[in-house]
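Visitor: If you read the protein sequences in the order shown, they are chains S and P. Letter 17 of the first sequence, counting from 1, is numbered 4 in this note's numbering, and no numbers are missing. To get this note's numbering, take the position in the second sequence, counting from 1, and add 7.
Don't take each hint at face value.
[Unchecked claim] Derived lysine-lysine pairs resembling BS3-like cross-links, with alpha carbons at most 27 Å apart:
no., chain 1, residue 1, chain 2, residue 2
1, P, Lys198, S, Lys63
2, S, Lys160, S, Lys92
3, S, Lys92, P, Lys198
4, P, Lys198, P, Lys180
5, S, Lys101, P, Lys198
6, S, Lys160, S, Lys266
7, S, Lys101, S, Lys63
8, P, Lys198, S, Lys57
9, S, Lys172, S, Lys157
10, S, Lys63, S, Lys172
11, P, Lys278, P, Lys180
12, S, Lys101, S, Lys57
Please keep in mind that the hints were generated in silico from the structure rather than gathered at the bench.
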Amino acid sequence: MKQPLLALVNLNKYYGDVHVLKDITFTINEGEFLTLLGPSGCGKTTLLRCIAGLERIQSGDILLEGASIKDLAPNKRNVNTVFQNYALFPHLNVYDNIAYGPRMKRSVREAELKQRVAEVLDLVQMSGYEERMPHQLSGGQRQRIAIARALINEPAILLLDEPLGALDLKLRKHMQTELARLQRKTGTTFVYVTHDQEEALNMSDRIVVIDQGEVQQLGTPRDIYNNPANLFVTSFIGDRNIFPVEVLETGAEQAKVRLGENVVQVRSSAAGRAALRAKEEAVLAILMDKMRVSCAEMDNALRGEVVSIHYAGSQIRIEVRVADRILTVVEYQKMECDCQVGDAVFVSWEESGAVLLPMEAGWEERGM
Amino acid sequence: MRTWKRNLLAVPILLWIGLLVGIPMLLVVALSFLSRDHLGNIVYQFTLDNWRKVVDPIYLRVFWNSLLMALLTALITLLVGYPVAYITSNLSPRRRALSLGLIMLPFWISSLLRTYGWMILLGNAGVINNVLMALGLIERPLPMMYKFGTSLVGTAYMLLPFMIVAVFNSVDKLDRSLLEASYDLGASRWKTFFHITIPLTLPGIVGGFTLVFIPALGLYFVSDLLGGGNTVFLGNLIHTLATRGRNRPLAAAFSLGMVALALMVLAFYWKVTKDKTGEGLFQ
Chain S
-12 MKQPLLALVN LNKYYGDVHV LKDITFTINE GEFLTLLGPS GCGKTTLLRC IAGLERIQSG
48 DILLEGASIK DLAPNKRNVN TVFQNYALFP HLNVYDNIAY GPRMKRSVRE AELKQRVAEV
108 LDLVQMSGYE ERMPHQLSGG QRQRIAIARA LINEPAILLL DEPLGALDLK LRKHMQTELA
168 RLQRKTGTTF VYVTHDQEEA LNMSDRIVVI DQGEVQQLGT PRDIYNNPAN LFVTSFIGDR
228 NIFPVEVLET GAEQAKVRLG ENVVQVRSSA AGRAALRAKE EAVLAILMDK MRVSCAEMDN
288 ALRGEVVSIH YAGSQIRIEV RVADRILTVV EYQKMECDCQ VGDAVFVSWE ESGAVLLPME
348 AGWEERGM
Chain P
8 MRTWKRNLLA VPILLWIGLL VGIPMLLVVA LSFLSRDHLG NIVYQFTLDN WRKVVDPIYL
68 RVFWNSLLMA LLTALITLLV GYPVAYITSN LSPRRRALSL GLIMLPFWIS SLLRTYGWMI
128 LLGNAGVINN VLMALGLIER PLPMMYKFGT SLVGTAYMLL PFMIVAVFNS VDKLDRSLLE
188 ASYDLGASRW KTFFHITIPL TLPGIVGGFT LVFIPALGLY FVSDLLGGGN TVFLGNLIHT
248 LATRGRNRPL AAAFSLGMVA LALMVLAFYW KVTKDKTGEG LFQ
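One chain only, chain S, in its complex shape:
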């Protein structure tokens, strides 16, 4: 098997007594777009800084192309960072900012450097801005220069720390496509930190979901969205109804569960299959937009009563009370049945949209 580009091995990091990164272990392949996704304070930025060398780790190892880099100073590591606030040098113009890396490493002659700066400026579509000072640029332009300044060093890995966080929504969408384009064009391995699930799902080849300093799940966006490994991932990614059910029977792929009067067949998660036992409580998570409301009675559906209907542009949000729970159903097309508040309805879902997970202590707090 091909050697991974970067390997994190049982990496641990403490701030005083606080254990901020717990036994982080995973590998990054050459040329991939990998996203570290998690809520603020989960340790994703700290992990990025550990790879960059801006933070020291207490135990474990970081291997770049098979060689340990954990004791190397940041300036000796073949990785570059795009900082959250861009960190452009305010006293240097665009040209000197971009030329900073090669000049410090004395890797190229001035004549060649000029050529290289022109190339990266072209790459980020900022040609002609050489003489501008950073404070004369807009947020999006600074972003591009920060990327150019990192890319000119041809790093083995480009680390990006929430680079789109300071931009407005429209620009953020545009830069997402732009970053994906840059990554494909240069073939550089990107490690991208964000708390925005949409950004992560849009751009990444693989996503590492992190919470409380631990890796929760690692997989392709599709895999993580459709097969969340645990309750945290379930609640953090995708809009889902999450509620407890009683397990009646367990099968190879499916389980029979009960919510109030309703008994339904659902798909159990990979983790669920091993851990689920009959007569115990489990947690069912169903993607809101994979659910439907019907007026006619049907199999494998929950019977409930419509509590409210909201029309929000292209989507319709219907709240339905089932047993003592309120479930939210999001429909995009015209609704199957023209129900009113107070009507009895049946809530069903696409099989792939639901996942049954083992019960966890404190699931309600983690579940929302």
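Place chain P on chain S using the hints.
Guide: Chain P alone, transformed into the frame defined by chain S:
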């Protein structure tokens, strides 16, 4: 209309400055063109004699001494003060407050007393000589008093806090992520210091330089007590002329010469902080 109103608000402060700075200054200018009798009384008779003496090569030596003293003082305080300011700004909030407090502490004691302190330390029968002799490292006391260097040490010591505070304000505002970006791009700590830290804290350096240079021109009591008058500085000369010398018109002319020196430094300060690099820093 609006600017007219806004200007009106500046009237009290302009009055204040005009009354307490402008008028006395004009009096000094007027005085520098007057004569005196043999008892030292001012005679209201126009003369250029005082100004002729100011540009006399013999007295130019005094200007040179003062200029050298002020430049060296600013340089020494910068070399000592920069690391202190830099380290202080990196401390935890509690230790930083403590450090700044200690830097300010000497201001609570009269500067004259502190100068006498240096005499006790450096004198032939002073603390340092006594200790060195007791240890048998030297046989005779090292002559450390009444030299140019003694005045320099005393002046630098007196003005060091001004430099530290000026540099501290600049260093404290320095965005640390810029230093990280520099390391990340392959620069060593030294290269980062010279290419990022120094240029970005230049306003503090120049500000501190000005704050130290100007008082160093006129701190006459330090060189009086520690230098013993062996090197004549502008401050001492003006002091002597105005008191024992009973020649206030000449003292006034030299004072204006000193003001001219200070203005030169201020002009330099304005030029540095207003040019292209300064713009980006002060935005």
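Visitor: Now look at each hint and say whether the structure bears it out.
Guide: Right, here's what the structure says about each hint:
Distance hint between Lys198 of chain P and Lys63 of chain S is fulfilled; the C-alpha atoms sit about 14 Å from each other, no more than 27 Å. Between Lys160 of chain S and Lys92 of chain S the alpha-carbon distance is near 35 Å, which puts this suggested pair outside the 27 Å criterion. Between Lys92 of chain S and Lys198 of chain P the alpha-carbon distance is near 10 Å, which keeps this suggested pair within the 27 Å criterion. At roughly 20 Å between alpha-carbon atoms, Lys198 of chain P and Lys180 of chain P fall within 27 Å of each other, so this suggested pair holds.
Among the hinted pairs, Lys101 of chain S with Lys198 of chain P is consistent with the structure: their alpha-carbon atoms are about 21 Å apart, no more than 27 Å. In summary, the hint linking Lys160 of chain S to Lys266 of chain S is not supported, as the alpha carbons are separated by about 47 Å, beyond the 27 Å threshold. A C-alpha spacing of about 24 Å is found between Lys101 of chain S and Lys63 of chain S, which places the hinted pair at or below 27 Å, so the restraint holds. Distance hint between Lys198 of chain P and Lys57 of chain S is fulfilled; the C-alpha atoms sit about 22 Å from each other, no more than 27 Å.
The hinted pair formed by Lys172 of chain S and Lys157 of chain S meets the criterion: a straight-line CA distance of about 23 Å does not exceed 27 Å. Between the alpha carbons of Lys63 of chain S and Lys172 of chain S the distance comes to roughly 26 Å, so the proposed pair stays at or under 27 Å and holds. A threshold of 27 Å between alpha carbons decides the hint, and for Lys278 of chain P with Lys180 of chain P the separation of about 22 Å falls inside it, so the pair holds. Proximity of Lys101 of chain S to Lys57 of chain S is assessed by CA-CA distance (about 33 Å); at most 27 Å being required, the pair is judged violated.
Checked against the numbered hints above, the structure violates hints 2, 6 and 12; every other hint is satisfied.
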